[in-house]
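Asks: Chain by chain, the residues:
Protein chains: 2
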Amino acid sequence: MVLHIVIDRDQPLGEQLLRQLRGLIRSGRLATGAQLPPTRLLAEQLGLARQTVAEAYERLTLEQLIEARRGRGSFVRALPAAEAERPVATTARLASAERIAAFQALPVPLLRFADNPLARWDFIGGSPEPALFPHEDWRRHLHAAQRQLGQGGAHAPPAGLAALRESIAEHLAYARGVRCSAADVIVTQGAQQAFDLLIRVLVGPGDVAAIESPGYPPITGLLQAQGARIASVPVDEQGLVTDLLPLEAKLIYTTPAHQFPLGVAMSMERRRALLAWAARTGAVVIEDDYDSEFRFEGQPRDSLQGLDTDGRVAFVGSFSKTLAPSLRLGYVIAPPALRDALLHAKHLADVHGPSLLQNVLARFMAEGNYRKHLRRCVAEYAQRRERLMAGFAGPLAPWLTLLPAEAGFHQAALFKPGVAIDAPQLAALARRVDVGLYPLQAFAAGRDGLLMGFGRVTPDGIAEALGRVAELLA
Amino acid sequence: MVLHIVIDRDQPLGEQLLRQLRGLIRSGRLATGAQLPPTRLLAEQLGLARQTVAEAYERLTLEQLIEARRGRGSFVRALPAAEAERPVATTARLASAERIAAFQALPVPLLRFADNPLARWDFIGGSPEPALFPHEDWRRHLHAAQRQLGQGGAHAPPAGLAALRESIAEHLAYARGVRCSAADVIVTQGAQQAFDLLIRVLVGPGDVAAIESPGYPPITGLLQAQGARIASVPVDEQGLVTDLLPLEAKLIYTTPAHQFPLGVAMSMERRRALLAWAARTGAVVIEDDYDSEFRFEGQPRDSLQGLDTDGRVAFVGSFSKTLAPSLRLGYVIAPPALRDALLHAKHLADVHGPSLLQNVLARFMAEGNYRKHLRRCVAEYAQRRERLMAGFAGPLAPWLTLLPAEAGFHQAALFKPGVAIDAPQLAALARRVDVGLYPLQAFAAGRDGLLMGFGRVTPDGIAEALGRVAELLA
Numbered sequence: 010m011v012l013h014i015v016i017d018r019d020q021p022l023g024e025q026l027l028r029q030l031r032g033l034i035r036s037g038r039l040a041t042g043a044q045l046p047p048t049r050l051l052a053e054q055l056g057l058a059r060q061t062v063a064e065a066y067e068r069l070t071l072e073q074l075i076e077a078r079r080g081r082g083s084f085v086r087a088l089p090a091a092e093a094e095r096p097v098a099t100t101a102r103l104a105s106a107e108r109i110a111a112f113q114a115l116p117v118p119l120l121r122f123a124d125n126p127l128a129r130w131d132f133i134g135g136s137p138e139p140a141l142f143p144h145e146d147w148r149r150h151l152h153a154a155q156r157q158l159g160q161g162g163a164h165a166p167p168a169g170l171a172a173l174r175e176s177i178a179e180h181l182a183y184a185r186g187v188r189c190s191a192a193d194v195i196v197t198q199g200a201q202q203a204f205d206l207l208i209r210v211l212v213g214p215g216d217v218a219a220i221e222s223p224g225y226p227p228i229t230g231l232l233q234a235q236g237a238r239i240a241s242v243p244v245d246e247q248g249l250v251t252d253l254l255p256l257e258a259k260l261i262y263t264t265p266a267h268q269f270p271l272g273v274a275m276s277m278e279r280r281r282a283l284l285a286w287a288a289r290t291g292a293v294v295i296e297d298d299y300d301s302e303f304r305f306e307g308q309p310r311d312s313l314q315g316l317d318t319d320g321r322v323a324f325v326g327s328f329s330k331t332l333a334p335s336l337r338l339g340y341v342i343a344p345p346a347l348r349d350a351l352l353h354a355k356h357l358a359d360v361h362g363p364s365l366l367q368n369v370l371a372r373f374m375a376e377g378n379y380r381k382h383l384r385r386c387v388a389e390y391a392q393r394r395e396r397l398m399a400g401f402a403g404p405l406a407p408w409l410t411l412l413p414a415e416a417g418f419h420q421a422a423l424f425k426p427g428v429a430i431d432a433p434q435l436a437a438l439a440r441r442v443d444v445g446l447y448p449l450q451a452f453a454a455g456r457d458g459l460l461m462g463f464g465r466v467t468p469d470g471i472a473e474a475l476g477r478v479a480e481l482l483a
Numbered sequence: 010m011v012l013h014i015v016i017d018r019d020q021p022l023g024e025q026l027l028r029q030l031r032g033l034i035r036s037g038r039l040a041t042g043a044q045l046p047p048t049r050l051l052a053e054q055l056g057l058a059r060q061t062v063a064e065a066y067e068r069l070t071l072e073q074l075i076e077a078r079r080g081r082g083s084f085v086r087a088l089p090a091a092e093a094e095r096p097v098a099t100t101a102r103l104a105s106a107e108r109i110a111a112f113q114a115l116p117v118p119l120l121r122f123a124d125n126p127l128a129r130w131d132f133i134g135g136s137p138e139p140a141l142f143p144h145e146d147w148r149r150h151l152h153a154a155q156r157q158l159g160q161g162g163a164h165a166p167p168a169g170l171a172a173l174r175e176s177i178a179e180h181l182a183y184a185r186g187v188r189c190s191a192a193d194v195i196v197t198q199g200a201q202q203a204f205d206l207l208i209r210v211l212v213g214p215g216d217v218a219a220i221e222s223p224g225y226p227p228i229t230g231l232l233q234a235q236g237a238r239i240a241s242v243p244v245d246e247q248g249l250v251t252d253l254l255p256l257e258a259k260l261i262y263t264t265p266a267h268q269f270p271l272g273v274a275m276s277m278e279r280r281r282a283l284l285a286w287a288a289r290t291g292a293v294v295i296e297d298d299y300d301s302e303f304r305f306e307g308q309p310r311d312s313l314q315g316l317d318t319d320g321r322v323a324f325v326g327s328f329s330k331t332l333a334p335s336l337r338l339g340y341v342i343a344p345p346a347l348r349d350a351l352l353h354a355k356h357l358a359d360v361h362g363p364s365l366l367q368n369v370l371a372r373f374m375a376e377g378n379y380r381k382h383l384r385r386c387v388a389e390y391a392q393r394r395e396r397l398m399a400g401f402a403g404p405l406a407p408w409l410t411l412l413p414a415e416a417g418f419h420q421a422a423l424f425k426p427g428v429a430i431d432a433p434q435l436a437a438l439a440r441r442v443d444v445g446l447y448p449l450q451a452f453a454a455g456r457d458g459l460l461m462g463f464g465r466v467t468p469d470g471i472a473e474a475l476g477r478v479a480e481l482l483a
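These protein sequence lines are chains V and X, in that order. Quick note on the working numbering: the first sequence kicks off at 10 and runs consecutively. Quick note on the working numbering: the second sequence kicks off at 10 and runs consecutively.
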C-alpha cells in the first residue's frame, strides 16, 4: 500500500514532495484525520533520504496542514473551509449529454423510499419482517459456505451455482406448479435484474411492450431506457383485461398471482386468453410471481408458466420477500428459446452473482430450512392480515374499503365513494403519530387510497396503528 | 409450503388428486427421490379425507411411481426414461426472434473459461491466489455484519453503503491519486457492471465508441448489445495511439496502468493527449484500472482520473483481483455530470448490490485489513513475477519474449520472430503435462504468444511448469 506521489529525479526532491503532499491534503484526497506514512517508510518507497521526508512533514506542520501526535505519527488536520481546493468541474460539455439527460429523467420510483427512515408502525410494501429472518440456520450455512471463498476458478457460472438452481427448480415445481429443471433457472440480482435482462433481450427502440395499468413502476423505467413504446393495459376484478392487448406487443409484463398494486388474482379464463394471445402474436409473457408464496385462502392457482406448453412464459421470482431484499437474490425460469440469449445478457451485465450468498441459499434450501421458514412466515403474515382486515372492517370502515387478495403481503385500500381525503396529506399526518402510510396513487394514478404492506408491523402494532389513523380521520 | 395441486369440488376428488400427482411425477416437477407430503398434511391442505390421499398414494405405489420407506414416508422413484413427459416445446415462434438471435450471437469470450477445471499449474489471467484470501479477518467481519441481515428498510442505497463508499474513496485518493469523495463512488457488481452502466448511459444505436486494440473482449459485447459502432484504436509501446482516435467517438475505453492484454503502461504524453482529445470532442474516457494495485517497479503513474480537472474520466476498479472474483465487488468513480444518470441506470439494473458483502468489505477496509492484505499480495506476486521472468530469460528464451509490465498480475509473452509454433496446439499439449496455458490470440488477434497470469501458480510451481513447457518445445 503506497501513498500516490511521483518523484522526478531531475527536479528538486524536497520541493516536489512538499508540493504533492500539500495538494493531497488541500484536495481532500488525504482527508482530515488520515495518518501519513512514517517518514522511514515513505522515504524508502520514494527512494529519498529520510531527512527529506522529515523536513517536508515539519513544513506541513508549520503550515498547520498536519499535526504530530506523540508516539503515534502525523495526521491531517481539519482545513479551514476556504482552503479546500475547488473540486472537479461539473460543467464539462459531453458528447453524450442528451442521452445522459434522458437516463437522468427515467422514473426510479422506489429510489426515494430507501432514504426515508421507517416509522414505528410502517405499512411499507415489499419489506419482510426482520424478526422472521432465519438467523440461526442462515449463520450455520454461512460459516460452512465461507470456507469456499476464493476457491474455484476465476469465475462461477453466469447462470448461478448448480446446487442452487436444482433447489429453485424443485421448489417451484413443488410449490408453484412451474415446469422446469435446473437448466432452465438463471439466478439474478433480485427480480429487478431478471426484468432488465428479459427486456434487453426482447425489446429494442420502437418496439411495443404491454404492461398492466396500474402496475409495477420500475418496469416503466426499464422499457423507457430501451426506447420501447409502452402500451398500458387496464386491470379489472379478473386481472389484466386481455381483450385490450395490442397485437404488435413483443412482450407483456403481468403479476397474475397477486396483481401489483391492487392485489387481484388473474382468473383462469384470462390466463388462457393471455396464453392464446401470446401464441397468436409471438409475444413473450413475463410472469412476475413476486410474493405468491404467502397464500392465505383459496386453492393455489396454476402459474401461467405451468399452463404454458409452448415456451412463451418467463417466470420471475425473488427471495426478497421471503428472506430479505438486501440479499439481492432472484431468478428467472427462461423459456428454451430465450435461455442462451439471457445467459449472454447476464454475462455481459455482471458476469455472475456473488457465489457466497448463492452457496448459503443452496444449503438452506437443500436442508429443508426454506420450507420450514415459509411455513413460519405464512403463519405470521396470516395473523397480520386478519388484524388488517379487522381494522378496515372496524375503525376504518367509514372511510376505506380493503380490496381482496388471496396471497401476498400487501393489500390495497380504496377511499369509499364520497370520501374526500387527500392520501398524501393523510400520510403526512400519520407520520406525526408514528405511522407510515403509502398513497396508492404513487403506484396507480387516479386510484385514491393506500397500499398497506404488512411485512413490518406486528399484529398488535397493526391494531394500534389503524386505531391512530382512525383518530386522525374522525 | 404447499404442494401445488388444485382440486375442483365438482369433480371426483380421488381421481383428480391421482391424475395431478402422476403428472407432477412424470413431468419431473416432483423429481426422483423427492418426498411426498405426509397423507395427513396433504389431506388437510386440500380439504380431502385422509383416506382419499392414502388411496392415491397406494395407487402410485402400484404404478411404481413412488415407494414407501418404513417410518420415513413416501418418495418418488426413478422413472424409466421413456416415461418422462416431453418437456416444453423449444420451437415457439417469437416476435423478438431476431433480437434474441442477436443477443445469442454476442461475444462472451470469458464464458468458456468458467467451464474448464484448472490445470495443476494454471497460468489463467485475472484469478488471484486463493491461499492469499484473508479468511481470518474476513470471517470476523462477516460474523459482525451478518447480525444486520434483514434489518433496515426494504432496500439499501443504490450507490452502495455509505461506509464502503468512504473507504473506497479514501483508498483511491491515497493509493491511486484519484480525486474523489464518497459521493462520487458507485459500488457495482464487479467492474463488469460498471462498464455496463457506463456504456448504457453513454452510447445508443449508431453511436461511435473507441476501444483499444488489442483490448478487453467483454467490452465489445456490451457495445454491440447497445448497437454502437466500434472504432478499434491500436496500442504501441506507449499505450493507446491517441493520434488515431476518431473525433466522433462518444467514449473511449482504455487500460492505462496495465494495458490488457499486452501489459504496457500508457506514457504521460499519451495521457495528456487523451485528455486533450476528450476536452475537444466531449468524449468520456473509461479508465479501467483493474489490477494496478500490484506494482513491482517504477514510480506509480498518475491515474488519468487524477490528471483530469474537467470531469471527463470515469475510473473503474474492482476487488476481483485483490480479493476474489466471486465476491462481485467493483466500483465506478463517476464524473459529476454522469452521477445521477448512472445511479438511475444502477437502480433499474438491479436496485443495489447485496449489503451483507458491502458491509463486510467496509469493515475490512476501515480496520486497515485491506492495506495489510495488499502488502502481502504484492510481496507474493513479486516473487512469482521474478520466477516468471527467470523462466522466460532461461529455459524458454529460445522461443518466447516476455513483454515488460510494471504492474498487474499477468504478462504477455510473444513468440520470437521465425519461431513457428501454434499457440493453441502448445496449450493443448501443455494440458497433458498439467500446465494451463492461454494463447494470446484469444485476446489479441494476430499476436502470436501467451497470456501468462501468475495468480494461481506458486513461485516453485512456476519454475516447474515453465520447465515442462520448455521440454515440450525442445
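Calculated directly from the structure, the hints in this document are not laboratory data. Predicted, not measured: the structure shown is a model, and the values here were computed from it. Hints may be right or wrong, so weigh each one.
One copy or any two copies: either way a pair holds, since identical chains are not told apart in the list.
Said to hold, decoys possible - Capping the alpha-carbon separation at 25 Å, the derived lysine to any residue pairs in SDA-like fashion look like this:
# : residue 1 : residue 2
1 : K381      : P46
2 : K381      : R477
3 : K381      : L50
4 : K425      : R477
5 : K381      : L88
6 : K381      : V15
Asks: Compare the structure with the hints numbered earlier in the document and write down the numbers of the violated ones, lowest to highest.
Replies: Result: hints 2 and 5 break, sorted rising.
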